[in-house]
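Working from the sequences, and respecting the hints, build out all of it.
2 protein chains.
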Amino acid sequence: MDMRDIAKLAGVSSATVSRVISGSSLVRPETVARVRKVIEEVKFFPNNSATTLKYGRSGTYGLIIPDITNPFFPEFIKCFEAIVVENDKEMLMATTDFHSGRMQQSIRRMLIRKVDGVALLASEIETEPFEDLIQNRVPLVTMDRGHTANGLSDVAINNKSGMDQALRHLKEFRHKKIGYIGGSAGLTISDHRVEAFIRALKRIDIVPRPQFIKVGNYRITGGVAAMTELLSFEDRPTAVLAANDLTAIGAMRAAMKMGFSIPDDVSIIGFDDIEMSDIVHPPLTTLRLPRFELAKAFFDALEHLKNNPHAQGEQHNVKTTLVVRESTGPAPKRRSK
Amino acid sequence: MDMRDIAKLAGVSSATVSRVISGSSLVRPETVARVRKVIEEVKFFPNNSATTLKYGRSGTYGLIIPDITNPFFPEFIKCFEAIVVENDKEMLMATTDFHSGRMQQSIRRMLIRKVDGVALLASEIETEPFEDLIQNRVPLVTMDRGHTANGLSDVAINNKSGMDQALRHLKEFRHKKIGYIGGSAGLTISDHRVEAFIRALKRIDIVPRPQFIKVGNYRITGGVAAMTELLSFEDRPTAVLAANDLTAIGAMRAAMKMGFSIPDDVSIIGFDDIEMSDIVHPPLTTLRLPRFELAKAFFDALEHLKNNPHAQGEQHNVKTTLVVRESTGPAPKRRSK
DNA sequence: GTGAAAGCGCTAACAA
DNA sequence: TTGTTAGCGCTTTCAC
Chain A
0 MDMRDIAKLA GVSSATVSRV ISGSSLVRPE TVARVRKVIE EVKFFPNNSA TTLKYGRSGT
60 YGLIIPDITN PFFPEFIKCF EAIVVENDKE MLMATTDFHS GRMQQSIRRM LIRKVDGVAL
120 LASEIETEPF EDLIQNRVPL VTMDRGHTAN GLSDVAINNK SGMDQALRHL KEFRHKKIGY
180 IGGSAGLTIS DHRVEAFIRA LKRIDIVPRP QFIKVGNYRI TGGVAAMTEL LSFEDRPTAV
240 LAANDLTAIG AMRAAMKMGF SIPDDVSIIG FDDIEMSDIV HPPLTTLRLP RFELAKAFFD
300 ALEHLKNNPH AQGEQHNVKT TLVVRESTGP APKRRSK
Chain B
0 MDMRDIAKLA GVSSATVSRV ISGSSLVRPE TVARVRKVIE EVKFFPNNSA TTLKYGRSGT
60 YGLIIPDITN PFFPEFIKCF EAIVVENDKE MLMATTDFHS GRMQQSIRRM LIRKVDGVAL
120 LASEIETEPF EDLIQNRVPL VTMDRGHTAN GLSDVAINNK SGMDQALRHL KEFRHKKIGY
180 IGGSAGLTIS DHRVEAFIRA LKRIDIVPRP QFIKVGNYRI TGGVAAMTEL LSFEDRPTAV
240 LAANDLTAIG AMRAAMKMGF SIPDDVSIIG FDDIEMSDIV HPPLTTLRLP RFELAKAFFD
300 ALEHLKNNPH AQGEQHNVKT TLVVRESTGP APKRRSK
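So the protein lines, in turn, are chains A and B. Positions 0 to 336 (numbering that gives the first Met the number 0) are the ones given, in order, by the first sequence. Positions 0 to 336 (numbering that gives the first Met the number 0) are the ones given, in order, by the second sequence.
None of these hints come from the bench; they were simulated from the model. On a predicted model such as this, the values are computed, not experimentally measured, just so you know. Take these hints with a grain of salt, some might be off.
Claimed, not checked - Have a look at the derived ranges for each label pair, beta carbon to beta carbon:
| no. | chain 1 | residue 1 | chain 2 | residue 2 | range |
| --- | --- | --- | --- | --- | --- |
| 1 | B | 228 | A | 257 | 36 to 46 Å |
| 2 | B | 21 | A | 202 | 53 to 63 Å |
| 3 | A | 257 | B | 56 | 24 to 34 Å |
| 4 | A | 257 | B | 282 | 13 to 23 Å |
| 5 | A | 20 | B | 208 | 52 to 62 Å |
| 6 | A | 99 | B | 103 | 34 to 44 Å |
| 7 | B | 260 | A | 257 | 40 to 50 Å |
| 8 | A | 314 | B | 194 | 21 to 31 Å |
| 9 | A | 257 | B | 258 | 24 to 34 Å |
| 10 | B | 98 | A | 4 | 44 to 54 Å |
| 11 | B | 234 | A | 99 | 25 to 35 Å |
| 12 | A | 173 | B | 194 | 56 to 66 Å |
| 13 | A | 17 | B | 56 | 14 to 24 Å |
For each residue, glycine too, the CB sits at the ideal point set by N, CA and C.
Now the structure itself:
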């Protein structure tokens, strides 16, 4: 069943059917009605691959994420999918699992399916895989790499203001010894966040202590491991910032398991504000990263690059806001234990 | 850059290039090598839409899920994506958000993109949306609808054995008053599970009490609401089964908020075994639904239908296993109000 | 306002 | 073993 069949049934040519479907204004209303009726009756669906072949563009945006198991990403995907579909486009999702082989493969999938652009939320240190995308003139929007180029835009998370909010909050509670549990070492996003943390610390006149800065893995296990180390110091932090909520939740578990109470002995602040953070005990104070805004920023950036193939990429910005719940409180007066 | 370009560079015809790419054995090894070299050099990616157009099949399987925010689904998607990609196919994911308009739209997306089959994990009561799929001879594999037909297979979750395990476990703890919090009313999956619950109850000689059977929404909120009702009865259940883990977690929260302790006052059993269930307090006893097996069952069923277009659909089965953690314990000896 | 026809890139039947 | 060619379904220019 193709447009020619519809054309025959409606007594017109396939060109007219095409025009009706694409909503061209050049067709007489009666003709439109007649064609529409036939389309309805036989439940005709145009074959997208023909259009893609003809145009060289598929109307699909690729989305590459590291770990769909981290609740932040499903929430993001949901928003991104909604925006994409609402704009009559399609989404092609790929997961890398933090694995560079899977990353290569994902990019290959994008290229083969002729996506109109790629939103890359899994920034690895290696830029090599991007090359193929750039070389094939596929618009690319990265997250928090702070680097733009021709056909390459970036959506940055405003770490500075977020960190400032978090640290100001802790300062009001008189915390002086503040730790940080980062993401995986070597990923640019996590490096950026560590740096932002150190600078923000200095801004509130606290001298950063290297031993208070630990690396995690963006998962609960990483938070558990890092927090266990932090709390076994004789001179331990009274507050800890985590690179994401999962890490923070792991940190909370570790602290509680070691007999510390939250927030009386240690305050903990997460990052993302996943749904779960409101459910754990105590509910987690966290820097909320607004998914919808973020998804919209990616989509807009992609559209812009697609429609302006020779334009320089743009640097976008999404702000976080501090959501104060119950995992933060006044610094302990004296050492307990 | 297309196959003709490669052909020219390699001094062969485009047909030969095609043969090399598809791994035909008819090409002389030296020719293969020469063509491969050119492909490597210019980093050529075949245009999938041309193949799709030619074949009428896209090498893509659709996956329709209700709610990517429920942690079970990301875990499932991850497995399904891995299997699909490993088999050199593609996955097209769509979320319905339990909304029938989104369902229609998702199916439309599948049809337009010429998917080779659809895995439908969001079974609504209405069969109407499927019609388009069936009519267009798109293989369809549903979850737990227990109905097969031409080009329609089903993967059932063995509710019977799961329920039996759960109830036997509770019986050993001398529970007599057992409640159930289902999914959304009207969805066939949840109806099936309620029925399975009632039958399993009878099998251990407990007379089901209608007021102990509540409806939820597959989310935490539903569990909270239903559990609050269940526990406000004078004569309240001492154990509750939930339709999924999120519901069970909501139930736990409600119970704890009302001052009941788990499992001393009420035992709770979930369903799915999402990662979170091991993290909540107390860790949740639950019926584990193995994602990888489930994903594999869907994939195999799809492949089978695709390769045997005129075959009758098959009924597959996936078994659950009871994971005993700390949310279940002996029934309270006497009323603790 | 509508139709005819070329061509997007690939594959497979057929020819050589 | 390799090449030639028709055609998958759609869009769009050009002609009417």
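Evaluated hints:
1. B:228 - A:257: 36 to 46 Å: holds (38 Å)
2. B:21 - A:202: 53 to 63 Å: Once the Cβ atoms are compared, 60 Å apart, the range 53 to 63 Å for residue 202 of chain A and residue 21 of chain B holds.
3. A:257 - B:56: 24 to 34 Å: violated (57 Å)
4. A:257 - B:282: 13 to 23 Å: holds (18 Å)
5. A:20 - B:208: 52 to 62 Å: Given a distance of about 57 Å, which is inside 52 to 62 Å, the answer is holds.
6. A:99 - B:103: 34 to 44 Å: holds (39 Å)
7. B:260 - A:257: 40 to 50 Å: violated (23 Å)
8. A:314 - B:194: 21 to 31 Å: violated (57 Å)
9. A:257 - B:258: 24 to 34 Å: For residue 257 of chain A and residue 258 of chain B the Cβ distance comes to about 28 Å; the hint holds.
10. B:98 - A:4: 44 to 54 Å: violated (32 Å)
11. B:234 - A:99: 25 to 35 Å: Hint violated: Cβ distance 60 Å, outside 25 to 35 Å.
12. A:173 - B:194: 56 to 66 Å: holds (59 Å)
13. A:17 - B:56: 14 to 24 Å: holds (23 Å)
In summary, the numbered hints that this structure violates are 3, 7, 8, 10 and 11.
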